[in-house]
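Engineer: Taking the hints into account, I'd like the entire structure generated from these sequences.
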Amino acid sequence: MPKEKSRKKTERGRKKPTEKPSAEKIEKKEVKKKGVKTIGLEITPPEKTCEDIRCPWHGKISIRGRAFKGVVTSAKAHATAVVEWGYHHYFPKYERYERRKSRVIAHNPPCIRAREGDEVMIAECRPLSKTKRFVVVGLLKKG
43 MPKEKSRKKT
53 ERGRKKPTEK
63 PSAEKIEKKE
73 VKKKGVKTIG
83 LEITPPEKTC
93 EDIRCPWHGK
103 ISIRGRAFKG
113 VVTSAKAHAT
123 AVVEWGYHHY
133 FPKYERYERR
143 KSRVIAHNPP
153 CIRAREGDEV
163 MIAECRPLSK
173 TKRFVVVGLL
183 KKG
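When we follow this note's numbering, the leftmost residue of the sequence shown carries the number 43, and every step to the right adds one.
Note that these hints are calculated values from the structure, not bench results.
Even for Gly, the Cβ is constructed at its ideal location relative to N, Cα and C.
There may be inaccurate statements among the hints.
Unchecked claim - Mimicking BS3-like on lysine-lysine, the simulated pairs with C-alpha atoms at most 25 Å apart in a straight line are: (1) Lys135 to Lys184; (2) Lys90 to Lys172; (3) Lys79 to Lys143; (4) Lys79 to Lys174.
To be verified - Using C-beta positions, here's what the derived DEER-type ranges look like: (5) Gly128 to Lys102: 28 to 38 Å; (6) Ser171 to Ser144: 15 to 25 Å; (7) Glu89 to Glu137: 43 to 53 Å; (8) Ile85 to Arg168: 17 to 27 Å; (9) Lys183 to Cys92: 14 to 24 Å; (10) Gly107 to Val78: 14 to 24 Å; (11) Thr173 to Arg141: 33 to 43 Å; (12) His130 to Ala109: 47 to 57 Å; (13) Lys135 to Lys79: 42 to 52 Å.
Structural biologist: Take a look at the structure:
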């Protein structure tokens, strides 16, 4: 006869008794929500606060990879900014340079709310949608 394993019967679906949080714990949670986290870049955080989950300062998005400075060319879509910056590409055959530009679609959090013509700093994050892989981190100059 095979040995039977003894299993403890557990009551599923019942809530475990929980302790009520003390006043100190509640205060710490409130401070954490209202506070601004550090994102690893030397840039001043925005003065406004927001409830956006995809905000690098007040939400859960973490910054990694590359960071760029650019100018917002379009901010028509909801919480989205198209950021553009120029660079020079060298042609060895002709020994000359040509002007090129890079355009990136970035998430524009409500606490920053960059407009057309503003110079902004964007940083790479996890994919937020099909085309968004960057988030606006700060406003450098109003345009």
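Engineer: A separate judgement is required for each hint: does it hold in the structure or not?
Structural biologist: Going through the hints against the structure:
1. Lys135 to Lys184: violated (40 Å)
2. Lys90 to Lys172: violated (28 Å)
3. Lys79 to Lys143: violated (32 Å)
4. Lys79 to Lys174: Measuring from Cα to Cα gives roughly 22 Å; hence the hint holds.
5. Gly128 to Lys102: 28 to 38 Å: Given about 33 Å between the Cβ atoms, the range holds.
6. Ser171 to Ser144: 15 to 25 Å: holds (19 Å)
7. Glu89 to Glu137: 43 to 53 Å: holds (49 Å)
8. Ile85 to Arg168: 17 to 27 Å: For Ile85 and Arg168 the Cβ distance comes to about 20 Å; the hint holds.
9. Lys183 to Cys92: 14 to 24 Å: holds (21 Å)
10. Gly107 to Val78: 14 to 24 Å: Once the Cβ atoms are compared, 21 Å apart, the range 14 to 24 Å for Val78 and Gly107 holds.
11. Thr173 to Arg141: 33 to 43 Å: 24 Å Cβ-Cβ, so the 33 to 43 Å window is violated.
12. His130 to Ala109: 47 to 57 Å: Hint violated: Cβ distance 20 Å, outside 47 to 57 Å.
13. Lys135 to Lys79: 42 to 52 Å: Since Lys135 and Lys79 have Cβ atoms about 49 Å apart, the given range 42 to 52 Å holds.
In this structure, the earlier hints numbered 1, 2, 3, 11 and 12 are contradicted, and the remaining ones agree with it.
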